[in-house]
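For what it's worth, our numbering labels the leading residue of the sequence shown as 1, then goes sequentially.
Check before you lean on any hint, since a few could be wrong.
[To be verified] Distance windows between CB atoms, simulated:
no.	residue 1	residue 2	range
1	TRP3	GLU108	30 to 38 angstroms
2	GLU218	PRO44	25 to 33 angstroms
3	TYR47	ALA187	19 to 27 angstroms
4	ASP172	PRO104	16 to 24 angstroms
5	ALA196	ARG89	42 to 50 angstroms
6	ARG89	ALA198	15 to 23 angstroms
Think of the hints as simulated: they come from the structure by calculation, not from any bench. Note that beta-carbon positions come from the ideal geometry of N, C-alpha and C, so glycine has one too.
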Amino acid sequence: MIWTEAVAESVTPLTPTARLLSLRVPGWPGHLAGQHLDVRLTAPDGYQASRSYSIGAPAEGERVELAIERLDDGEVSPYLVDALEPGDRLEVRGPVGGWFVWRPEQTEPVQLIAGGSGVVPLMAMAREHVRAGSAARMQLLYSVRSPAFVYYREELAALAERSAASGGVTVDRVFTRVAPTGGARPAGRVTPDLLAAAVLPASLEPTVYVCGPTSFVEAVAPPWSTRATPPSASARSASAEPDGTACGTQRGNGTTPRGCHTRRLAEGRITRRRRCGSRPRRAGRL
Numbered sequence: 001m002i003w004t005e006a007v008a009e010s011v012t013p014l015t016p017t018a019r020l021l022s023l024r025v026p027g028w029p030g031h032l033a034g035q036h037l038d039v040r041l042t043a044p045d046g047y048q049a050s051r052s053y054s055i056g057a058p059a060e061g062e063r064v065e066l067a068i069e070r071l072d073d074g075e076v077s078p079y080l081v082d083a084l085e086p087g088d089r090l091e092v093r094g095p096v097g098g099w100f101v102w103r104p105e106q107t108e109p110v111q112l113i114a115g116g117s118g119v120v121p122l123m124a125m126a127r128e129h130v131r132a133g134s135a136a137r138m139q140l141l142y143s144v145r146s147p148a149f150v151y152y153r154e155e156l157a158a159l160a161e162r163s164a165a166s167g168g169v170t171v172d173r174v175f176t177r178v179a180p181t182g183g184a185r186p187a188g189r190v191t192p193d194l195l196a197a198a199v200l201p202a203s204l205e206p207t208v209y210v211c212g213p214t215s216f217v218e219a220v221a222p223p224w225s226t227r228a229t230p231p232s233a234s235a236r237s238a239s240a241e242p243d244g245t246a247c248g249t250q251r252g253n254g255t256t257p258r259g260c261h262t263r264r265l266a267e268g269r270i271t272r273r274r275r276c277g278s279r280p281r282r283a284g285r286l
């Protein structure tokens, strides 16, 4: 896979620590909801650093959308969040990853579970679901620290309103530190009991996609393997790398896969497991 020069078409604030980037990638072949993109920066002295970021929107010509969260000790994210401007160019390659994806032809119920910036690839799935007019049941459980750090705030609210009125993607948010006044529940982390009550029931045999920091994924996944709680079909998850979050599971930076695993769960026990890892190279400092 070769590197291609992309152009930043727009840069939009998303949260106090994240920005939405719209890139034009000449010759982009298209991608599936859940895939990610590698970004490489080159310093004046020739040093290079690359990171992977989940793509946040379905394929649309040469346009690729990323949501990047700044990590203060990151090598790539500070530049993308604080310095990149429309018209700037950067090297990219992709799409990358083919196992943590959702396709419109899938008909089984889908449960999406996101922690923080791990919502990015799951948002691509939700958007693809809406665009395709899919009849498959899809539900998103989104854990985030406070309302100020909610990604895609207005779009998620619109999805929730649409679901209440005519069906579609159901959205449920859990605020871990500060909950909005009059919210459905007080601030607090996702617990096994909350999870069991909030996700699709095992009887529906949903496919479950989990994305978030490693600690979030580890906290969310165990109840499924120790208790006969959802899902009974398959759970797909991953964790992000030091500079972002990505397909599968993510952490801190919006979209960068580091370690990932796919689980097939049946009646509360793991019957198949696959692990993979792809930490971007670290050759020094920018």
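Inset, instruction - Check the following: the C-beta atoms of ASP172 and PRO104 are separated by a distance inside 16 to 24 angstroms. - result: 23 angstroms, holds
Inset, instruction - State, for the Cβ atoms of GLU218 and PRO44, whether the hinted interval 25 to 33 angstroms holds or is violated. - result: 40 angstroms, violated
Legend entry - Distance restraint hint 15 to 23 angstroms, applied to the beta-carbon atoms of ARG89 and ALA198: 43 angstroms, violated
Legend entry - Distance restraint hint 42 to 50 angstroms, applied to the beta-carbon atoms of ALA196 and ARG89: The hinted range 42 to 50 angstroms holds for ALA196 and ARG89, with Cβ atoms some 48 angstroms apart.
Inset, instruction - Could you see if the CB distance from TYR47 to ALA187 stays within 19 to 27 angstroms? - result: At 42 angstroms between Cβs, range violated.
Legend entry - Beta-carbon spacing of TRP3 to GLU108 - inside the hinted bounds 30 to 38 angstroms or not: 37 angstroms, holds
The structure does not agree with the numbered hints 2, 3, 6 stated previously, though it agrees with the rest.
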